[in-house]
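Asks: One-letter residues, chain by chain:
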Amino acid sequence: MTFHLIARDLRILFKDRGAVVLGLLVPVVLFTVFVLIFGGMSSSAEDMDPIRLVVVDEDGSSHSKRLVSLLDQMDAVRVYTDHSVDGSEERVPYTRQSARDAVAEGRISTALVIPEGLAEHVEENLFAETDSIPPITIFYDASVPLESQVVRGLLQQVLFMSLSDVWALDGIEIMARELNLDPETSNQMTSWMNEVFDEIEALQAEADSGEATPDSAAAGPVFESPIPVETVDVLGETKKNPVAAMTAAQVVVMFLLFSVMHSAGAILAEQEAGTLPRLLVSPMTDWHFLLGKVGSTSIFGFIQILVMFVYGWIVFSVDLLRDFPAVLLMTAVCAASATALGLLIASLCRNHKQIDSVSTLVVLSMSAVGGSMVPRFLMPKWMQDIGLVSFNAWAIDGYYKIFWREMGVVDILPQVGVLLAAGLVFFLIASSLFRKRFHA
Amino acid sequence: MNPESPAPAMLESVGVTKDYGTLRALSDVDLEIRQYEIFGLLGPNGAGKTTFISIATTFLKPTRGTLRIAGFDVLEDTPRVKEILGVVPQEISLYESLSGEENLAFFGGLYGLRGKMLRDRVREVLALLGLEERGRDLVSKYSGGMKRRINIGAGILHRPRLILMDEPTVGVDPQSRHHIFSVIEDLRTGGATILYTTHYMDEAERLCDRIAIIDHGSVIACGTHRELVAVIGEESVLEVAFKGPVDRGTMEAAFPEADVREDRMLVRTMDPAAILPGMIAGLSGVGVDLAGIHVLEPDLETVFLHLTGHRLRDGGAES
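Residue numbers (this note's numbering), protein chains in the order written: chain W, 118 to 557; chain U, 9 to 327.
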């Protein structure tokens, strides 16, 4: 009897070839996507794109210029010292404030400021406490924490390995001059110092053996430079719970997709209940019907997201009310666009099995490449670019701007525009498929 | 209007044909349904009744031909046509998780009914359907017959000028069926025009002013019950069914007055009892195995059998 039942179930299953193909295809595609993402994350530094680093040289000394030059020579970073203003060709040097703003606005994740008088202070206070030396400042975006750690590590390397020897040798010169040392003593000291640095360099090379991964750079050199480095979390410092603000966007967007895909079966349910033909022969047009489905599903999705944000606001201090209109706009657009995508899937699929398979594939793939599971900045560049075709990437970017970068309605218009345009395209394709399917 | 002139046409179908690939579901259907009449479309399952209704409701497009509702072309004036129609589909098409009252209110709302008028119509229709007491119950709690009645109610709530009913009594118990007949007769009294499809001969006879007989996508006869029965006169039909195919030449030679088909033979006669003994003797002589002998009094079943060579319940092509 059991065998009889198994045979019947398999016969029914294999009659729906579409569902069978999708059922077999979905795990393979998802497996591929995850391998590409997580494989990309663990690749070597050589495979990673250089970090875009803004450097402000307030000191302007030969030492600071050399520091900038050495940073620029490193493969792991690409240094920017100036920028265009309002899209003009004229370029102006970054200042401490404009560098900080660039990080705050998300144009760049890390900026480094070499303070005025650094070289002078180092020369004058070589043997003094480091408190008297103005610190090098790193402005960073905590939503991309790895970059700031890598920059800090690279900076320490550059400072210690490339500048400390200069400053030490300069110190010997100053000492020889102030103490009236004879040239032979001075040369011996210089020679001895060079040997010390050779040994240190060997030790450093040993410590850095293997690949110069972001992690090893982030760990810093064996010896800390005597020059202090301060890090400033440009965005997170004002937030009560920065992790919640970032996580909210990632989770909410993925959940919205799952919720909407679930309701994609609503059209099919209407067909199965026999009510669809009845609706379509009433004065209701196809567009009325489809817009009605998008409307009801979007409204519920909208409410779901808002409930989640209100919960985040109450329990995790997510700053929901800072720019509530922006939250409402982004949420409404996300819900409508995601629903249109659900409608498209519903129009493509003939039964619930197909909808389940396709929606699982779409939601998990888009969530993976779009940054809901793993932040996109951790992915290889090419995968980040692919992520831009996903709903999640644009939605998450929009919410990041609101909750993380404290931007407003005007700033999220690019994300709103892309999501609306995508939603419109999904809707038009879905309505065309719907018409072909139900008005033969 | 001159009382002697026929009522204006509510539905005119000229050469309506529908193909699904190589399968012809409807073939050159010409029909005219006049205002205030109940017009029956009688045919076996798969004859093309639902396909014709689907074209009339604008749900399907004809491959060829024109169909007008109250003068409006179903393809050109679809929105106007939809406002005129009330549709009672063959399938139960209701929301099980809503009550009967809520279902009626929803479908009434689709036709622009609002507020007090909608509430009054819902009450009125529930009373007509005999479901006043159960209106607030979920449809999922209803019996099959009650669902059928609400299914009809959803199609008539907005008082359409033309009601298209596609086999509204399929699968219902005799009591509910009787109630549905009462509803349709009330609608007739109220001046409704109805296109009623069925494969039950008795329903067509009882309810319809005129009947079109459809088989394999073609209308093969059309008229009042009396006109259709007159096709075979007042004679009964003696149907002799065989257990297997017979040699038609032999049979036609032995029974020249009979209409011999592959597996049966039809003989029209005023007195079946008189000819039966001789016929049985003759059949033994040609050596055929009998499956049965039936005497059919003149009615639509007899007409259908006479015109098509098979019975209504024998079935046909998929619609």
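Please note that the accuracy of each hint is not assured.
[Said to hold, decoys possible] If you anchor each label on the Cβ, the simulated ranges turn out as follows: (1) W:R134 / U:L83: 53 to 59 angstroms; (2) W:A390 / U:G199: 29 to 35 angstroms; (3) U:H186 / W:N468: 35 to 41 angstroms.
[As the list claims (entries may be wrong)] For lysine to aspartate or glutamate, the following EDC-like pairs were computed, each having C-alpha atoms within a straight-line distance of at most 20 angstroms: (4) U:K69 / W:D436; (5) U:K69 / U:E45; (6) U:K69 / U:E110; (7) W:K553 / U:D27; (8) U:K124 / U:E99; (9) U:K149 / W:E389; (10) W:K553 / U:E84; (11) U:K149 / U:E213; (12) W:K498 / W:D192; (13) U:K69 / U:E104; (14) W:K356 / W:E237; (15) W:K132 / W:D436.
The hints are simulated quantities; they were obtained by calculation from the structure and are not laboratory data. Heads up, the beta-carbon is just placed ideally off N, CA and C, and yes, glycines get one too.
Asks: It remains to establish, for every hint, whether it holds in the given structure.
Replies: For each hint, the structure was consulted:
1. The hint said 53 to 59 angstroms for the Cβ distance between W:R134 and U:L83, and at roughly 35 angstroms that hint is violated.
2. Between W:A390 and U:G199, the C-beta spacing of about 32 angstroms keeps the proposed range 29 to 35 angstroms intact.
3. Taking 35 to 41 angstroms as the suggested C-beta distance range, the pair U:H186 and W:N468 conforms, at roughly 38 angstroms.
4. Taken as a hint, the U:K69 and W:D436 pair is broken in the structure, with Cα atoms around 55 angstroms apart against an allowance of 20 angstroms.
5. For the suggested pair U:K69 and U:E45, the alpha carbons sit about 25 angstroms apart, so the restraint of at most 20 angstroms is broken.
6. At most 20 angstroms may separate the alpha-carbon atoms for a hinted pair to count; U:K69 and U:E110 exceed this at roughly 31 angstroms.
7. Annotation: proposed proximity of W:K553 to U:D27 holds, straight-line Cα distance about 16 angstroms (limit 20 angstroms).
8. The hinted pair formed by U:K124 and U:E99 fails the criterion: a straight-line CA distance of about 30 angstroms is larger than 20 angstroms.
9. A distance of roughly 18 angstroms separates the Cα atoms of U:K149 and W:E389; the hinted pair therefore holds under the 20 angstroms criterion.
10. Under the criterion of a C-alpha separation no larger than 20 angstroms, the hint pairing W:K553 with U:E84 is consistent with the structure, at around 18 angstroms.
11. With a CA separation close to 33 angstroms, the supplied pair U:K149 and U:E213 exceeds the 20 angstroms bound.
12. For the hint linking W:K498 to W:D192, the alpha-carbon distance of about 15 angstroms falls within 20 angstroms, and the restraint holds.
13. Annotation: proposed proximity of U:K69 to U:E104 is violated, straight-line Cα distance about 30 angstroms (limit 20 angstroms).
14. Annotation: proposed proximity of W:K356 to W:E237 is violated, straight-line Cα distance about 36 angstroms (limit 20 angstroms).
15. Straight-line distance between C-alpha atoms of W:K132 and W:D436 comes to about 52 angstroms, which puts the hinted pair past the 20 angstroms bound.
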